[in-house]
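Could you use the hints to bring the two separately framed chains together as a complex?
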Amino acid sequence: MCLGIPGEVVEIMTDRPDLAQVDVSGVRRAINIGLLEPGEIGVGDWVLIHVGFALSKIDEAEARAAMDFLKSIGDAYTDELAALQNSKID
Amino acid sequence: MRFVDEFRDAEQARALAARIAARCEPGRVYKFMEVCGGHTHTIYQHGLEDYLPEQVQLVHGPGCPVCVIPMGRVDDAIAIARRPEVILTSFGDMMRVPGGDGSFLDAKAAGADIRMVYSPLDALKIARQNPGRQVVFMAIGFETTAPSTAVTVQRAKAEGLANFSVFCNHVTIIPAIKAILDSPDQRLDGFLGPGHVSTVIGCEPYRFIAEHYRKPLVVAGFEPLDILHSIDMLLAQLGDGRCEVENQYSRVVPWDGNVTALKVLADVLELRPFFEWRGLGFISHSALKLTEAYADFDAERRFDVPGVRVADPQSCQCGEVLKGVLKPWECKVFGTACTPETPIGTCMVSPEGACAAYYNFGRFRRQRLLQVSAR
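As given, the protein sequences belong to chains C and Y, one line each in that order. Residue numbering for the first sequence is -14 to 75, as defined by the working numbering. Residue numbering for the second sequence is 9 to 383, as defined by the working numbering.
Just so you know, these hints were derived from the structure itself, not from any lab. Treat each hint with caution, since some may be false.
[Unchecked claim] Taking lysine-lysine and the DSS-like style, the derived pairs with C-alpha atoms no more than 27 Å apart in a straight line are:
| no. | chain 1 | residue 1 | chain 2 | residue 2 |
| --- | --- | --- | --- | --- |
| 1 | C | LYS73 | C | LYS56 |
| 2 | C | LYS42 | Y | LYS271 |
| 3 | Y | LYS165 | C | LYS73 |
| 4 | Y | LYS186 | Y | LYS335 |
| 5 | Y | LYS335 | C | LYS73 |
| 6 | C | LYS73 | Y | LYS271 |
[What the hints assert, rightly or not] If you want a taste of the chain Y side facing chain C, the calculated C-beta under 7 Å gives, among others:
| no. | residue |
| --- | --- |
| 7 | PRO34 |
| 8 | LEU129 |
| 9 | THR152 |
| 10 | THR207 |
| 11 | HIS220 |
[As the list claims (entries may be wrong)] Simulated coverage check for chain Y against chain C, where a stretch passes if three residues somewhere in it have a Cβ under 8 Å from a Cβ of chain C:
| no. | stretch |
| --- | --- |
| 12 | 76 to 87 |
| 13 | 318 to 329 |
Quick reminder that beta carbons are idealized off the backbone N, C-alpha and C, glycines included.
Here chain Y stands alone, though its shape is the one from the complex (with noise of 0.2 Å):
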């Protein structure tokens, strides 16, 4: 219990740390992954690993959109925007994301119009007010932000933009859920659901892991206090010999999730047959790219588009990291030859990846903790 100071409710946190700790059998190591990139920022911001007994593990999952796009995706964006009449847009998060030729950042300074964009519906703006160019939005992210892609294009339709197309990266996280599950690599006890995904698809989807894997997952909310109690109810399962699907964080996530966000979906976004994530290789049905409907606004049609693979570099080992099987600082070049301004993989560039997470929060401390166990 050192280092328990900062967050408000830190008397709750230690009564809820007691009941996990007596929720613990003796010897037994308990490995539960916290699927969302948010979860694993909580986790390092508010050192909640410390509050946990050893035989608690959490392990960071492939729950950040911008860490799991390929390199090979964003040199493909890239070629897009290089052309003279491309405006490429695109969310913050990606801008540094490296590509097997540079990010979008060092596109930009060489002279491709890149512009940073908040919501899908700034870059429609964008074609609206320049009718003579192509302007093209760089969709990323798991449900959470499909349907906002979708009802823009829906948008984009009813107005008829002809000059505004999606590069579709959407992703889907049940697949990935199951690839971690049938990974050999990975032995896990149970889940922390992703909180903001679940708003969108609920908690139905993810009642195959319980019934089918038998393992349990507990939907879970952001704040330091969910995320223990989160625990603490996985732990009750386990200890009650139940497998099941709880949602901790029903003061925000509706069982059946957001219907009208799925019917939008549905009518814009289809699956595709495969996908690659980085780490993760290629998952059948695990992304999203534009129904035949909608086919006019799908930048992959519109633009020639290399569609090369790029392995990540030797040196990175984002996909140890995304699957769970490295912590951070166990990557050979963590904090060294990759930090958040040189980023050499994504995990590193997203708030949300787990390397960058540790990187501002958690490595300090660790340094602390390692320092104290050393007297």
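Here chain C stands alone, though its shape is the one from the complex (with noise of 0.2 Å):
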């Protein structure tokens, strides 16, 4: 709950400008961006997603260190991962 993930803005939902689609780990998910400041962020950019809504945006290079960091521990991040994965918010 507390691990924050890093993912890759896909795209912004037109329709919805509150929510982005993101690319974690190769997979794709829907999370809030609305806690960030509107036109802040756009495709391509990076976020730290925390329990499903984008908190912080970060720099790739940050994201590749988050994201070796989470793989390194473990069930935890597995876990995490997971029930990303089963996540379908709108």
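Next up, the structure:
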């Protein structure tokens, strides 16, 4: 729950500007971007995701470092990623 | 410098470790608290204590939101979940946390409809799909997750979802740090500030720690090098006679935090007069509840909640571990009666709990270390 998972924004949903499609380790999921400033992120940007919400914009290097870190912690990350994969927010 | 191997940038780590050692005054012991459970996890996983001179001691703090939930609140949630009309939704982390009368998993096995969700928005979706049921979200977490709950409640209100409510257990980190600073049994020299919480609240709220308590605080990232770098920054401050709030994790944490998230929080959630923390007792203004404008979505108003205080089991020393007074392995039941499979206390449940982190990683290093020392 406390883990921040990096995701790459692949689509801002035009009919729902508070939602974006992100790619997390090859898995595409909708997340809420309502906690960021309107227009703060666009396609190709990276965000740190907590419980389905983008909480901060990060750069690609930070995203890679965060992902390496998450992979290194093993089970806790696998569980969190599995939970994210089952999440279908709208 | 034994067992320094597996993590990348080991060379940089050694350089930092050498600088840390050089900054230590002979004969002085430095105790730094890492507030966040994520930091505890990194420290044990990478054996960072092996890099540090013996003079620098890391003390684990209360920053694991699962760990600080008192047993009575788990029982209250289960009492709500046992109602036939209710679907209780919860993050997976909470499922095995023992209450006075079993955990969520036990209640689920006994027939209560308790479902794991990744996001509060998943709980909202379940409410939409089950108009004939009452869907309750077990909200836990520090300021990292509280804005997500707040947005979800705003959406529920906008959609007029009458069958959704929140059992709010959000806590705030600053009063917990203050309680530890005021506690007579803990003497600390500085703090590693929590990375993700600070993404929301920023660095300014920590200023009283530096100015009033005269302790330095460095907001730290989660990688091994981040933590070593932050320790180096703390020692540099102490060496210069400074007590400041510094931000080592500025690549993610803005100094002023997330202004949008803070606005949403202020709209939906407000401070409770007091709240019980496991191990730390009742701390005033340390937790959040729904504001009057969103009272219809407050599960504590919608359902009868027993609200009984349940004392921790006598054998459990999570309280001392959460305050940093005891190391996990010093607890009487650590690794014997209390394991991640059959936890007695919360610190053994969450992956961010000090006991679970130590059980999964640290104890092997310590065993190796003790074996080598004995030779």
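Per the CB criterion, is THR152(Y) less than 7 Å away from chain C? 6 Å, holds
Would you say the stretch 318 to 329 of chain Y counts as covered by chain C, given the rule of at least 3 residues with C-beta under 8 Å? Check failed, 0 qualifying residues.
Hint validity - LEU129(Y) Cβ closer than 7 Å to any chain C Cβ: 4 Å, holds
So, HIS220(Y) near chain C? Judge it on the closest CB pair being under 7 Å. 28 Å, violated
Within 27 Å, alpha carbon to alpha carbon, are LYS186(Y) and LYS335(Y)? 21 Å, holds
Examine the stretch 76 to 87 of chain Y for residues whose CB is less than 8 Å from any CB of chain C, and state whether their number is three or more. Violated - the stretch 76 to 87 of chain Y has 0 residues with a Cβ nearer than 8 Å to chain C, which falls short of three.
Proposed proximity, LYS271(Y) with LYS73(C) (alpha carbon, max 27 Å): 26 Å, holds
With the threshold set at 27 Å, check whether the alpha-carbon distance from LYS335(Y) to LYS73(C) stays at or below it. Roughly 40 Å separates the two Cα atoms, so the pair is violated.
Checking one constraint from the list: CA of LYS73(C) to CA of LYS56(C), max 27 Å. Satisfied? Given pair LYS73(C), LYS56(C) holds - Cα atoms ~23 Å apart, limit 27 Å.
Does THR207(Y) pass the interface hint, meaning its C-beta sits closer than 7 Å to a C-beta of chain C? Constraint on THR207(Y) satisfied, holds at 5 Å.
Interface restraint verdict for PRO34(Y) against chain C (beta-carbon cut-off 7 Å): Cβ of PRO34(Y) sits 35 Å from chain C, so the hint is violated.
When you check the alpha-carbon spacing of LYS165(Y) and LYS73(C), does it fall within 27 Å? Roughly 20 Å separates the two Cα atoms, so the pair holds.
Hints 5, 7, 11, 12 and 13, counting from the list given before, are not met by this structure.
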